[in-house]
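Peer 1: Sequence:
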Amino acid sequence: MYKELVNEKYPNAERLLGELYMSKKDYGKAEEWLLKESEKLFSHSEDNVKRIEEKRARLLRLLAKVYEMKEDYGKAENNLLKAKELAHKELALTSLAKLYEKQGKYSQALKINEELEELKKIEKQKN
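Using full-length UniProt numbering, read the sequence shown as starting at 1 and increasing by one per residue.
These are computed hints drawn from the structure, not numbers from a lab.
For clarity, every value in this text was computed on a predicted model and none was experimentally measured.
Beta carbons are placed, not taken as given, at the ideal position from N, Cα and C, and that holds for glycine.
Do not take every clue at face value.
[Claimed, not checked] Using C-beta positions, here's what the derived DEER-type ranges look like: (1) Leu20 with Asn127: 34 to 44 Å; (2) Gly104 with Asn78: 13 to 23 Å; (3) Leu20 with Glu123: 25 to 35 Å; (4) Gly28 with Lys121: 36 to 46 Å; (5) Arg51 with Glu118: 22 to 32 Å.
Generate coordinates for the entire structure from the input sequences, incorporating the hints supplied.
Peer 2: Printed below as a string of C-alpha cells:
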C-alpha cells in the first residue's frame, strides 16, 4: 500500500513525512524519510534536469536543517555545499553563512556573505 500511495497518489510522500517529523522534532525519523526521498531523486533520470536539481537542492537544504538541529554540523555543512552546486545557490549560501555563524566560524561566514553579495551583483547585472 505504501508503494502504491507513494508512486501514484503522493510522489513527494517521503519529503512530506520528513518535514512532518522535523516539525515534531523527531530528527532521526526526519533524516530517515529525507534520505529515502534523496535516494529516489538521485536515482531518477528525467529530461528536465533543472527541475530535478532544484528538488535535490531543496532536499539537501532540508537534510542540512535536520543535521543542524541534531548538532551534526559537518553533515549540515556538506549538504549545504552540495545544494550550493545544484540550484538555488543564494538560499544555500544564506543557510551556510548562518550555520558558520552559529558555530562561531565568523571568518568563513564573512567569506560566504561576500560570495553572496557577488552573486546578487551578478543577478542584478543580468536583469
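Peer 1: Against each hint, give a clear statement of whether it holds in the structure.
Peer 2: We went through each hint and held it up to the structure:
{"no.": "1", "hint": "Leu20 with Asn127: 34 to 44 Å", "in the structure": "holds (37 Å)"}
{"no.": "2", "hint": "Gly104 with Asn78: 13 to 23 Å", "in the structure": "holds (19 Å)"}
{"no.": "3", "hint": "Leu20 with Glu123: 25 to 35 Å", "in the structure": "holds (33 Å)"}
{"no.": "4", "hint": "Gly28 with Lys121: 36 to 46 Å", "in the structure": "holds (41 Å)"}
{"no.": "5", "hint": "Arg51 with Glu118: 22 to 32 Å", "in the structure": "holds (26 Å)"}
The earlier numbered hints are all upheld by this structure, with none contradicted.
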